[in-house]
Amino acid sequence: MPPVAPGPVAPTAPSAPGGEATGSADPSTAGAAVPVPATALSRDARRIYELSRDKLVQIRTLLRNADTQASIGSGFFVSADGLIVTNFHVASQLALEPERYRGVYVTMEGQEGDVELLAFDVQHDLAVLRTKARTAAAPVLSFRPAAEALAQGERIYSLGNPLDIGFAVTEGTYNGLVRRSFYPRIFFGGTLNPGMSGGPAVDDAGRVLGINVAKRLDGEQVSFLIPAEFAQALVQRAAAAEPITQPAYGEMTRQLTGHQQLLTDRFLKAPFREQRHGNYRVPVPDDALARCWGSGRDPAFPGLNLERTQCRADSDVVAGDFNTGAVRLAYETYNAPTLGAARFGRMYSQSFANEQFLRRGNRHQTAVDCSERYVDPGSLPMRVVICMSAYRKLPGLYTMTVLAASTNQPTQGVLGRLDVQGIAFDNGMKLASHYLKAFRWEAAP
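All letters in the sequence shown, in the order written, are residues 72 to 516 by this note's numbering.
No lab work stands behind these hints, which were simulated from the structure alone. Hints may contain errors.
[Claimed, not checked] Simulated crosslink set (DSS-like; lysine-lysine; CA at most 27 Å straight-line):
#	residue 1	residue 2
1	Lys-340	Lys-508
2	Lys-340	Lys-203
3	Lys-508	Lys-464
[As the list claims (entries may be wrong)] DEER-style ranges, computed between Cβ atoms:
#	residue 1	residue 2	range
4	Pro-318	Arg-417	45 to 53 Å
5	Glu-313	Lys-508	16 to 24 Å
6	Lys-501	Pro-210	46 to 54 Å
7	Arg-417	Tyr-445	16 to 24 Å
8	Asp-392	Arg-430	47 to 55 Å
9	Asn-136	Ile-236	41 to 49 Å
10	Glu-300	Gly-367	22 to 30 Å
Every residue gets a Cβ at the ideal spot worked out from N, C-alpha and C, and that includes glycine.
Could you put together the complete structure from these sequences and hints?
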């Protein structure tokens, strides 16, 4: 396909990685300080800060052989014996490379100690740590009961250590659950910054209702929280767990296998919507599963009516230092009545050949293995290429690409592409068949 312009859906970024440069105000150029009366909101934020400060920790991942900082995040105590909740993407190095990294917690007063990883939840990006040698009982934050539903516009306070410059509280509002999110996410109308991942978001009573996880890169105060119920469930699991001391790829594979099964089931149960492009009918995911956007005629291709559609499911999960679990679909429909069959055929074939694959592999995945055939899955004959790339440390899981091109018209065509990450082979074949059967040609009456 020709290059596709980015759609309006921007990626989300975890709020944990540190190391960003930060600016500071120059006191020599600042104006004289003017006292401002405290507002009710700022008094509430100060109250929440004072109520929570001794329950908050920074989580640091250090290289064992150098004691240099590899990553930072936030967390909070949930039990007197030192259980700490944070994000999996904050603690993933402890899970996957424990021989190389160790974890440390640091309180607001500067006290620090080693932590051990007890349990993690890849699907919801959560982890539970435990302090190794704490003598005094830890002060804890309590969870808001699930039965107490949040009201739209209710005030939320997010806490954490942004950019490794100190603990902070940011105010925002509850704006419901995120539409089309594969797993439940709270839409937080407030600011999250790098380093705050894993910190708590609390209500006006200081009870945890969510865990900081990510923000949108293309907006302001568009942030996301993991509902607290998933952290509570993981804490219960972790309470009797043994520390993780060996690379936990087996457990991560088990959880990702469960994720891809849920993904497959949802897509197979939800029939594709049909999108019309002339006589072609192309499959578009159900609106509840994915966001789609499109573009019309491309002026870079005179004499060619070219329309594009892209869709993406919000199903990515963190798997250490990379993401997997994504589902993306793209289509291009061509109509070139004035070009002639030969010129159109060359352009159409070149678009098909331009598709990019992971040909050489990388440290996470093998090079692709592709098969090509001509099929007629329904009312539309197609040329189809299916490529699979295996994950090196996640046995049984693959990245799959399905590339399909119609072959029924001399000066018209449709190209479709389906990309699925972290899929089992059998489920990949089911999704490929489901996808290809949804293409149709509808002759004019």
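Of the numbered hints stated earlier in the document, which are not met by this structure? Numbers 2, 3, 5, 8, 9, 10 - these are the hints that the structure violates, sorted from lowest upward.
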